[in-house]
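Asks: If you want the building blocks of each chain, they are given just below.
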Amino acid sequence: MKKHLIIALSLVLFAACTKDEIEGPELQDIFGEFAVIQGLSSDRTTVDFGAGETVRFNAELTIRTDWTLHILGESSGAKKEIKGRERVINQDIAKWNGTISFAPLFGEEDCITYMTFENHPDTLIGPTITVTGVKPEDNVDILISDFETNTGWGTFAEAAATNQNVSGSYFVQDPVNVGQFLSVNAPQGTRHWRMTANNMNSVFICGANTTAAGSQDSEADTYFSIGTNNPENVYINLLLYGLGDGNTRCSIGFQEDDNLDGIYDRFTEGTYNTTIAVDWQGWKVVSIPLSDFQLSTVGGFGNNDATGQQDIGRIISMEVLLLAVEGTSGQIGYGMDYLNFTYFAPWTP
Amino acid sequence: MHSGGVSGDVYDGLVIGADTLSPDTVSARSEMAGYALFDLGFQFRPNAQTEIKALTRVYSELDGFWGQGINFNFRELYVRGIVKGKVKYRVGDLDLKMSKFTLYNSNGDLGAHDNNATHLYEDIIQYENFFRNNSWRQQGLQTSFKLKLPGNGNRLDVMAFLAKNRQADYFFTPDRLLGGGMLSYEKLGWGKLDYYRTELFEIAETAPFSGQAQRISTQSIAGTLKNPKLGRYVYHFEAGLSNMHYIEFEPEPSTETGAFFQLGLREMAKEKKLHYFANFNYVESQFRSPGAQSRRNNFSAAPTQFSFQGNQENVRQQTVFDVLTDPTAYFRTIDPILGAFNPAYSNVQPYGEATPNRTGLQAGFRMNQDSSWVEKLDAHIWLMSEVNGEGTDKRRSFMRADVSTTLNFAGLLQTDKALLLEAYLKYEQTGRDPIDSELSAIAGIGEIDLSSVFLELTIAKEISDDLFIHAGMYLLQASGNEYMAVRNEFNQITDYTEMDIELTDRTLLAGIKYSLNQNNHLLIQVRNSNITNEQIIGKSYSINQALITYNLFF
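Top line first, the protein sequences correspond to chains A and B.
Under numbering that gives the first Met the number 0, the very last position in the first sequence is 348; numbers go up by exactly one each time.
Under numbering that gives the first Met the number 0, the very last position in the second sequence is 553; numbers go up by exactly one each time.
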C-alpha cells in the first residue's frame, strides 16, 4: 500500500505540472470591455530621420483589438499608417522611421499623431512629432516606369474610359463627397498614369501594358532583369491613387514567355496576376511579393503555363487593368506611378 | 438456416401542460405516436467455414394504415468465416472496438441506465444504434488471427480492419476511411502488451472539385501486468500520440501532435466482494482520436415527440427523458470533429476517457452482494484539471462523483418477492478562477462555477412472479456558468459562448412491467416531467406521457 501511495502522490505532483500555454483566443479579448490603460506616447518629439533616428510609440489597452496609428504631416499632407492588433503597443511594434503609407513624402515639418480602432469609436491623441531631417530616398532595384517619358505603354479598353499618361493635375468627381471634385497631382515627378471611368456597365473597363524592353528597366533585353527566380524575394511596388469609391479594382499581370521564343502566346503561356481592392482615397504605397501572384483563370488569357510553374525570369511584359465590382455605377478609377521591383523587402519611400 | 429477431410495439400518448405554454399559440398540446417493428434475422451457413447474416426490418408507424408508412429495409448484413481454420474475416457490417483511447464508443452523458424503470429503453437505444459492448458500427472488412509463440500459453493476436466512414459527394466532399488494427502479445501468467492504431483519412481524388483531404493518426501501446508474485493487483498502462495532417488546405492549418498516457491498478482477487481501482490520466489538448472521442449524445437533434416549441417553431431542447428514451437523439458514427456537448449533462469527460485537455485521478470501488440486502454498490470519483487553460492561463478544475446501488429489502422483510431500491447519483463540479486583474473592464472574466447533479431513484416491487410495479424519479439540476469553446473544422478553438445555466429537469414516473421471460417484456408507464430552463423560450413547461412498450427478442 505504501508504494501505491508514493506513486499516487507522484502522479498528483505530475498533474500539477501542467502547461502554461493558452489554448484558443484569450477570453479577455472577447469578453473584456475596451478601455485605455496607457495613452499614446512616444519616446521622442523631435526626430532626424536623416541621421537614422526613429520614433517609437507606446500605448496599452485592456483588450486585443485592431488599431491604426496615424501620422500626418501638417504641411505636406503625407500620411503614415501603422496597423496592429496587440494589447500592449510598444516600441517594437509601433516604430516609425520616416516612411510613408500615402504619398507625398514627409518634409521637415510637424506631424500630428493619433490612434483609431476598427471596432471602437475612441481616438487616442498622441504627441506632435517635429521632423528635423527627412528620411533618405529609398532606392528601388528595378524601375519599371515613372511615366515621366510618356513612352512604352499601350492601351486597350472595353468601355469608355480615361486611360492615359497625364501631366500636371486633373480634377475628378469625388465619390465620397458627392458634388465635389478631387484634384490629383503626380506623387513623384510631374506625370503619372490615370485610368478612370463613369457610369460604366462592365467589370473590365480598360488596361495598359508595357513590354520589358519598352519599360525603363535599363538592364532588360527581352525580359525584365530580375536577378532571381524565387518569387518570394521580389516585390512589385507602385504608388496607387484611390478615389475612395470602394468599387475599384486594380489587376496587375505578368506575362511569361515560357518557351523563350521572344513572343508571348496568351493561349499556351502563363500570365500570373493579382487584384488589389482600391478602397482608400489618396496616393498609397502598394507592395506585393511576386509569390502572391496566381496563374490566370481566364480561358485564353494566360491560363495555360507551358512550364507548369511561375518563372519570373521569363516575364516579357506586364499589364495593369481597371476593373469594377459587378453592378457598379458612378465614378471609379485610380492613378498609378513609379512602378518598380525591389529585392527581399518592399519599397519604403 | 437459422432465424431470429425482435419485434416491438410501442404506443405513446402524450399530453403537454397547456398552462405552462401560454406564450406559445402554435404548438400542439397533445401528440399520439407509436410504431411497430419486426426484425427478422437470417443466418446462412453455405459451408462449415462461412456464415452470412442478414437482418431485415419491417417498420410501421402507428398511422401506417393499409401499408402506408411501412418501411422494409436491411438493417444488418455481413459475411464472416475462417480460412484454413486460422484466419478469421468479416465483410460488411463491423462492430469495432479497441482501447478507450483509440477506438471506443463511450457511454452517454448520463451513464448507463440499468434500473427497473428505464432499462428497457436503454436496451432499445443500444440496439437501435448498434452501441453494443461499447463498439462502433462501421462497414468494411475485418480480419484477425492468432499465433502461438514459444512458451506455454504465449500468443500473439493480430487484428486489422478497413471501413468506410463517409461517402463522397463526388464534388467537394471526399470519401473518408477508417483503418487500423492491433497487435496483442500475451504471456501467460504475466499479462499482455498491446499496440493499437487507427487512421481516419480522406481520399482527395474522390472529390475532384476540392482536392483537400485530412488524416488523423492515433496510436498507442498498452500493457497489463498481473502476476501473483506482484501481489493481488493488476497494473496497467496505456500511452500514445496522435498526428493530424492536411492536404491542399489554404491556409494550411498547423499540424498538431498530441499525446496521452494512463496509469492504473485494480485489485484482481475474484473471490472478494469488494473490488477497487485507481487510474491517473494525462491527455494533452492536441490529442485527437476520433474513434474514442466521438460522442454518442447528439444534443442538436430534435426530439421525436414535440419536436418544436414556441411561436417561432424552435427545436425543442432535449430533456432527460428524451435522452433516456429517444434512439434518434444519438450519433451513430465516428466524426473527426469534437462534437458539441451540454455541460449541464456532462462536463468532466464529455469525450470519454480520451477527452482532450484533462489530467487527474480516477478511483472507485465496486461491492457485490455484500449482505442479504445490498446487491450492488459502486462508487467512483474523478479529480481532474485541464492541461492547458482555454483562453486564459487559469485552468478549470473538475470533480465528479458517481454512486449507484441496488438494494433488495426482500430478505429484511422476510418475503420471497423482491423489493428493489435502485439509485444512481452523479455529481459534477467545475470551477475556474477569473483573470487576475484590478481593472474593472476585465475583472471577473473567465470565472466558472458550475455544478450539476443527476439522480435516478426507482423502487420496484415484485407483485407476483415476473410482475413488477415501479415508481421512480429522474432529476437533473444544474446551476452556474460556463464558457463553451467554439471550434472550427480543424478542431481549433476560435471563439467562446458564455452560458448561464439554471436547469431543473424532473420526471416522476410509475408503471408496471411484466416479463414473460428474460427476452420478452411488456411495460406500461406514465410519467410527468417538469422542465425549468433559463435558456429556452418560456422558461418552463411540463410533459405528461403514457407509454406502452412490448418487446420480444428471440
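Read the hints as simulated data drawn from the structure, not as lab findings.
Worth double-checking, as some hints may not be accurate.
Said to hold, decoys possible - Between beta-carbon pairs, the in silico distance windows are: (1) Leu294/A <-> Gln166/B: 25 to 35 angstroms; (2) Ile287/A <-> Thr493/B: 54 to 64 angstroms; (3) Val157/B <-> Ile287/A: 53 to 63 angstroms.
Unchecked claim - If you want the ones that stay clear, here's a sample from chain A, every Cβ over 12 angstroms from chain B, calculated: (4) Gln27; (5) Gly31; (6) Gly51; (7) Asp145; (8) Phe170; (9) Ser201; (10) Thr221; (11) Asp257; (12) Asp264; (13) Asp278; (14) Phe292; (15) Tyr342; (16) Pro345.
As the list claims (entries may be wrong) - One side only, chain A facing chain B, incomplete, derived with CB under 8 angstroms: (17) Glu22; (18) Glu25; (19) Ile29; (20) Ala34; (21) Thr61.
Just so it is clear, the structure is predicted and the values come from calculations on it, not from any experiment.
Every residue gets a Cβ at the ideal spot worked out from N, C-alpha and C, and that includes glycine.
Asks: Test the statement that Asp278/A is away from the interface with chain B: the closest C-beta pair must be farther apart than 12 angstroms.
Replies: holds (22 angstroms)
Asks: Hey, does the Glu22/A contact hint survive, CB to chain B under 8 angstroms?
Replies: holds (4 angstroms)
Asks: That 54 to 64 angstroms hint for Ile287/A and Thr493/B (C-beta), does it hold up?
Replies: Distance hint for Ile287/A, Thr493/B is violated at roughly 28 angstroms.
Asks: Against chain B, does Ser201/A keep a CB gap of more than 12 angstroms to every residue?
Replies: With a cut-off of 12 angstroms, Ser201/A remains clear of chain B, as the shortest Cβ separation is near 29 angstroms.
Asks: May I ask you to check that Gly51/A keeps its beta-carbon over 12 angstroms from the closest beta-carbon of chain B?
Replies: holds (37 angstroms)
Asks: Over 12 angstroms from every CB of chain B: does Asp145/A meet that, or does the non-interface label fail?
Replies: Correct as stated: the minimum Cβ-Cβ distance to chain B is 36 angstroms, above 12 angstroms.
Asks: Verify the interface restraint on Glu25/A: the C-beta must sit less than 8 angstroms from at least one C-beta of chain B.
Replies: Check passed: Cβ of Glu25/A comes within 5 angstroms of chain B, closer than 8 angstroms.
Asks: When the nearest CB of chain B is found for Thr61/A, is that gap smaller than 8 angstroms?
Replies: holds (4 angstroms)
Asks: Between Val157/B and Ile287/A, does the C-beta distance stay in 53 to 63 angstroms?
Replies: holds (56 angstroms)
Asks: Check the non-interface label on Asp264/A: least C-beta distance to chain B beyond 12 angstroms or not.
Replies: holds (28 angstroms)
Asks: Thr221/A: least C-beta distance to chain B exceeds 12 angstroms?
Replies: holds (34 angstroms)
Asks: Does Ile29/A hold up as a contact with chain B if the rule is Cβ-Cβ below 8 angstroms?
Replies: holds (6 angstroms)
Taken one by one, the earlier hints fail for this structure at numbers 2, 4, 5, listed in ascending order.
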